[in-house]
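Asks: Take a look at the letters that make up each chain.
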Amino acid sequence: MPSKNMTFEPNANKDFFSKLNLFVQTHTALMAVIIAAILYIITIIINPKGMNTVAIGNIILLTVILSIPAAGQTMVLISGGMDFSVGAIMSATAVLTTYTMKGENGHFLTVLIISLAIGAFVGFLNGVCCVKIGLPAMIVTMAISNIVTRMQYILTQGVLSGKASPLFSSTVKFKLFGVVPHIVVYALIIWPIVFYLLKRSRFGKQLYMVGNNANAARLNGVRVTKIQVLSYVFSGMLAAFAGMLGAAYMSTARCQIFDDYAYQSLIAVIIGGTTFAGGSGSYEGSIAGSLVMILLSNLLTTLNPTQPVRNVLNAAILILLLVLYNRGKAVRQ
Amino acid sequence: MKESFARFRRKPAFTGCMLFLVVLILNIGIQGWSTCLSNGVSVGNILSFFQPSALKSIFMTNLPFILVTVGQALLLLVGQMDVSIGVQIALVNVICIMVPQEWGVPVWVGWIIAMLAAFGISALCGACCAVLRLPALLASYALTYLVNGINVLIMNVPQGSVPKAYWKPYQSTLFGLIGGKDAPQFLKFLDYIPVPALVLAAVLLIWYFISRRPFGKHIYAVGTSQRNAFAAGISPVKVQMKAFLIKGFFVGVAGICLTLMSASGNPLQCEEYGIKSLSAAIIGGMGWGGWGSISCGVFGGGFLVLIQNTVYYFFTLLSKIFVGFSVTSYWQNFVSDIIIFGGLLMTIVTAKEQRKTLQQGLKAQFRRGEKYAK
Amino acid sequence: MLEMKGIDKRFGAVVALNKASLTVKEGEVMALAGSNGSGKSTMVKVLAGLVAPNAGEILIDGEKKIIHSGTDSTREGIATAFQDLSLIPTMSVKDNILLGCEIVTKSGMVDEKESRRLVQELLDRFHIDCDPDDYVQTLMPSTQSMLEVAKAVFRKPKILLLDEVTASLHYDEIATLFDIMRELKNEGVSMVYVTHRMNEIFEICDSITIMRSSETVTSGPVSDFTLDDIIFYMTGARPKHSEAKTAAAEDQDDREVVVEVKNISVYPKVKDISMKAYKGEIVGIGGLEGQGQPEVIRSILGAVRPQSGSICYMGKDVRFKDPAAGVKAGIGFISGDRSKEAVFDIRTITENIFAGNSAKESLFAYLSAKKVRKFSEDAVKKYNIKIGKLKDPASSLSGGNQQKLVVARWIAMNPNLLLLDDPTKGVDIHSRQEIHDILRECAANGMTVIIAASDTDELLNISDRVYVFYEGKVAAELSGEFKTSEHLVSAMMGVKEKVQEAE
Amino acid sequence: AGDAAAKPLKLASHNAVVEGNPYRVRYELDMQEAAADAINYGYEVSYNSFVANWDQSTETQQLQNSINEGYDIIVNDPVATTGLDPIIEAAQDAGIIYINADCAYMSTDVNVLNILTDQEYLGYKTGLYAGEVLGEGAKVVMIAALEGNQANTDRQRGFEKAMAEYNMEVVASGNHDWDTTKSQQTMAEILNSGVEFDGVLVSQCAENAFEAFDAAGVAYPGFIGFGDTGAYMQKMLEVNKDQVVTPYIVLSNPPGVGATAFNFALNLYEGKELKEGIFAEGFEDTHQIWIKSKVCYTDKDVAAGTQIDGMSIEEYANSYEAGDSISFWLTKDEVAEQYFK
Ligand SMILES: Nc1ncnc2c1ncn2[C@@H]1O[C@H](COP(=O)(O)OP(=O)(O)OP(=O)(O)O)[C@@H](O)[C@H]1O
Ligand SMILES: Nc1ncnc2c1ncn2[C@@H]1O[C@H](COP(=O)(O)OP(=O)(O)OP(=O)(O)O)[C@@H](O)[C@H]1O
Ligand SMILES: [Mg+2]
Ligand SMILES: [Mg+2]
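Residue numbers (the numbering used here), protein chains in the order written: chain G, 1225 to 1557; chain R, 58 to 431; chain S, 10 to 512; chain E, 258 to 598.
Isolated chain G (complex conformation) (with noise of 0.2 Å):
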């Protein structure tokens, strides 16, 4: 049976961008990577100076504490769902951590089974209202996130308290040869895991089968619920640990610290190929996302405009790479 369908163009004298267009869709982890060097290049010709072993340091340490969410909401993404309680989660045991630890060291263990656990349960939560009741993810996420930031009030009554423990801080601050952050080791240890999650386990298969296409999961014979409840959890989880990352970095935390890492999140694991509509994505993309994520408020500082203009650019810029990367299918084909 002869089949043609497959056979590939051959003559690839087709006008630029479409092609570019092509290569950016298909290849979208390399794609951050590139727009994450042009910024830096951009930053460097503006700002010589700006490529010192200090910036150097921040970017990497300030990448790693964002693309830990960031994993979460991959994995949600992936699923078909979306997270923006990771901000919110993150806030609450970042606040937690300086609360409990109060600058004295040894609180570590503690802190971390509390807020896992309280990541875990959030992230249940969520997938409970998201997925088995079938509420809309955004909206749900975010009104579950609205309680947890009124929790975050009602244990600390607004009072900024506490400190994370000295030791915790410099695991995360302190510098090897004066250029890279401690917190390498975290992301040494959590995006293995993350990457053993989604592509050398079953869990990560049937994550991307659910995202495709649920009912042909289900009747496939995977657990849909439990899968996406899952993913929720995950992110709970690795939302949490990144919060009590944030507040050894941060020393301090109030109420709210990491609110905007919600969104900034979501926009970097976009812009590292994840879709809204679930079922395709990858990790290395969401690091890469955070990345650029990173690396444009660099660029932005640098060019030191006034807040409002900043505003302006900042927005001008996302619009930007969102046109590059996250447009919808024409309706006509």
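Simulated from the structure, these hints should not be mistaken for lab results.
It cannot be assumed that every hint is accurate.
[Stated by the list, open to error] Straight-line distance between alpha carbons at most 25 Å, and here's what the computed DMTMM-like set of lysine to aspartate or glutamate pairs gives: (1) K225(R) to D350(E); (2) K34(S) to E66(S); (3) K295(R) to E121(S); (4) K115(S) to D93(S); (5) K439(E) to E159(R); (6) K295(R) to D81(S); (7) K1273(G) to E453(E); (8) K498(E) to E1328(G); (9) K1553(G) to D346(S); (10) K221(R) to D350(E); (11) K238(R) to E346(E); (12) K598(E) to D558(E); (13) K299(R) to D120(S); (14) K1326(G) to E571(E); (15) K1553(G) to D17(S); (16) K1423(G) to E386(S).
These numbers were taken from a predicted model, which means no experiment stands behind them.
Given chain G, put chains R, S and E with the ligands in place with the hints provided.
Replies: Then chains R, S and E with the ligands, alone, in the frame of chain G:
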């Protein structure tokens, strides 16, 4: 009667309406009780919710939010959304104040320019979401930064004022408008009709006429399936752009109402309306794309507004019953957020109704099929 | 009247149309035939304005036309009933039919009264039994299909495109449809009729155009073609008439019963169904569409909960709480509704083949990339699936190959019991044959197969024994000498007495 | 205290925001304390607080509700500098004592008392000390608070005045919007940019800006200020323990200003009259009373062993929680003595 109620139960606006009514009754009760405790029991106090001044202040202060929620509902209908809707109101407000102040033109000219700005920014958002087909959530989030920046560039600190001749009518009741104490007393009942309520009614009436045109059908088609609408000869891009422009109209009116309420300008306000209006519309019964109606927006917006009011009186009441109980805002916010979450959970009820409808529909068909076969 | 010349269309790397052409004369019904993925629907969509061709031209009445959108298409007098429907489920029947051509009063408002009258007229003409105010999503699939056609006809087209509209229609509905088509033909309307059902081509069509692998291979009056000719042009090979294997019905009783369904009912369609399947047997389920076949199959899998009755699997009463439980117990399920229930279109071919394995074993155990690749390479080879690269998305495959992918996914897992729900729906003859061969081989190796199929010939061909469902009950059980087309069809129509007499 | 004859009095405190803002949290706590303290003057004050979450509509409605509820005193820290004229008129018509605190209310159409902290002074004082330690023509980083906010504008005016006197040059700038995270992030990004500077001028939230130096592992700046939290005071003492590494300034932007405003209200409630000439120069038409920061010290004062509230500076600094900012408020008697006839 029973029939029409059953039909109503299957409508998307059902939960929104029920939630709204429940909170309304709660509000009337708690507010009345709270007032009784301070001023002694009397019919007037029990129904203190209906005092002209109380009614007026609810409408006056919350009209912008409700209008914006209606706009958001319209966007949800065509399968879009706009979280920058909040800063857009601030933009309108800023222009309303700054244009007359800086250029010395009459106030109403400023308003027209502000309206045009609302259309312009909505068209921009529409261009991003409908024409360029960017994910609406992220594109409009990016626009939040843009509009915010523009607002501060136009007006760096809160300032300005509106002549009393403009804001006074907005902040009065229909009775006040026709002359207040000088008006004939038999028209006193008009005191229960705040002017902002009339504005709301007018805007909804305009919408009613728009929705009865073919466009009113097209928004559902486009929201449910762009491809199928396109196949039927409807341009999804055009319909979505139109929806964005109509939303621009809502935002413009909302911004002017806000200006009349505060009689001044503030570049940094209402930002959270973007997300809040989205939750409100969902609580009101909207789905993503093609499911719901404008009334969902009205009910959802009203629900959130009344929650806030009810919680205020609830805590006041507590502090009156338990002497020495002092209210910290954490608990107030906590309680209202829990209630909002509860409201969201309640939307499952509509989902259930819809499922039931589907089943009933199928059952009827099936029976008919049996008859047909014989 | 209508002429399409040299139409090219690529979707990314996939070539859907390659210099395809087609000509329709006035007042003629032209059949557009071709195996799955040969580009029929794409041709139709080019005319409907949904697909932008990369090259080629469209002539209507000799004039060159450019069709950019549904509006353009309507303006040129073209109306389309799509294979995957174009109705809006959340809108009422009335609004759907009038969508894009609303009746308005002078003031520009929609004239609801006049709309309802016109729509009611149309519904009567098509014998569609529903209210103009019913929401489309509450209607049965067959009614929706009819509405799709009615909607197209309402536009009073000069050219009517019907893309596999009969796939889910009942026989009486098809008769109504053909009547209307004849009427339209007399009015001079040209029609393009896409179908996989060969008998329909001979019944209603005047001419035929056959496509293969994105190209138009031949066309001419239907009278010039025999069935074998058509199949030859579609597949490039003459069909070999393989003889159905009949199992000896007598010695059944001492074989092991793998699954036994006892008096189950599933609201609303299944009322009281009992059936059993023995080890190594292929059991067919026949019947008109909507008699409860999918529900029964899904209750065995655990995807649907029966209200009453019991299911006995491997000698034990079971009640799987979800398909995952069924799969764990060694059941596999293959659905014919590829896009909704089987294929993960944006995932790679590898992942699609491995999907069965992915679902089964422990969630967090290590899975080597090599193992996954080997698994799928083997399956692709063994089942002769035509692919580009293993890393390509499943959507790059033609429909028939996608279906083989799904079959391979489960066969490779060697399940104890394989359930198939109309697995060859819309699959071309050639691929169908291959899938049958695979199933026979598996059954010979001891796998039990239960298969529901809408095509009677296929059903008789593949199965050892056939249960015929009618109105949620078993109307007949056919095996041995009773397994004939006549018995099957009369049972399907609910003509019970005859069958019983024969038994 | 606590006599049975205490007169019941209802106080409503309205706020633009409380959550997420340690300053406003303290503001509320101080007000609560002042309200409790009023028992000594024969008032049993029931206190309720309402937060508008930066929404003027909510603010207006809550004020209207408070008017309907018959509160005696309303102290408002407003969302914006204008926009409440109608509601203030309504409150005053109802015989309620309405006082504006902390953030200025700038409308001239209504007669409202504004009890504010002298923000210009904070900027000016910091700038002057920076000039003193860094010398003429120093290069500085300027991290301002929230663009478009009145207090920020006033402070910047003070900073600029001092910078002009010492010819200082701003080589990098940013905003922290009173957000501690942002303060640290902005400082970190400025450090990333590799720009060279002598000192850092920051409009509060200095502790987090300073934290960025720690995180980046670079040498501390030649000056930092001003800050007002426990964390800041303690950190600066620790850094400069053995020798002065980074000269700094501690200045209080007292959250207690709301409590002070309440005590103004109490005096007004008793019918006392304000003295003449107490309004800030140039702001007479908006009736602004600027309260100067009472707590102000630098590294030099630490070396000199200056005492605050009868404590050494170390003791004073350690008496604050990390996140707490320095606060004080004027009692009813102090207010009466300084501002009333
Ligand atoms: N949107 C699309 N994106 C990518 N490939 C597509 C798309 N639509 C169709 N194709 C591919 O184009 C080819 C032709 O598809 P088409 O739907 O026209 O086939 P068909 O003849 O209608 O088949 P069937 O009988 O199964 O309906 C197939 O290989 C299909 O996979
Ligand atoms: N039972 C149902 N099944 C399917 N869809 C429904 C059902 N009920 C309502 N809808 C959908 O919800 C939409 C809104 O319904 P509704 O009747 O409330 O709209 P409306 O009357 O136009 O709105 P408004 O509230 O502004 O008067 C309908 O157009 C339809 O798409
Ligand atoms: Mg209606
Ligand atoms: Mg087709």
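Asks: Now look at each hint and say whether the structure bears it out.
Replies: Going down the list of hints, with the structure as the test:
For the hint linking K225(R) to D350(E), the alpha-carbon distance of about 16 Å falls within 25 Å, and the restraint holds. For a cut-off of 25 Å, the pair hint linking K34(S) to E66(S) stands: about 17 Å separates their Cα positions. At roughly 24 Å between alpha-carbon atoms, K295(R) and E121(S) fall within 25 Å of each other, so this suggested pair holds. Between K115(S) and D93(S), the direct Cα distance comes to roughly 36 Å. Violation of the 25 Å bound is thereby established for this hinted pair.
A distance of roughly 33 Å separates the Cα atoms of K439(E) and E159(R); the hinted pair therefore is violated under the 25 Å criterion. A threshold of 25 Å between alpha carbons decides the hint, and for K295(R) with D81(S) the separation of about 15 Å falls inside it, so the pair holds. About 9 Å separates the Cα atoms of K1273(G) and E453(E), which keeps this hinted pair within 25 Å; it holds. Taking the CA atoms of K498(E) and E1328(G), the gap is about 20 Å. The hint holds against a cut of 25 Å.
In summary, the hint linking K1553(G) to D346(S) is supported, as the alpha carbons are separated by about 23 Å, within the 25 Å threshold. Restraint check for K221(R) and D350(E): satisfied, since their Cα atoms lie roughly 17 Å apart, inside the 25 Å limit. Between the alpha carbons of K238(R) and E346(E) the distance comes to roughly 19 Å, so the proposed pair stays at or under 25 Å and holds. Between K598(E) and D558(E) the CA atoms are separated by roughly 36 Å; this puts the pair beyond 25 Å, and the hint is violated.
A distance of roughly 22 Å separates the Cα atoms of K299(R) and D120(S); the hinted pair therefore holds under the 25 Å criterion. Restraint check for K1326(G) and E571(E): satisfied, since their Cα atoms lie roughly 19 Å apart, inside the 25 Å limit. Between K1553(G) and D17(S), the direct Cα distance comes to roughly 20 Å. Compliance with the 25 Å bound is thereby established for this hinted pair. With a C-alpha separation of about 18 Å, the suggested pair K1423(G) and E386(S) falls inside the 25 Å cut-off, and the hint holds.
Checked against the numbered hints given earlier, this structure breaks hints 4, 5, 12; the rest are met.
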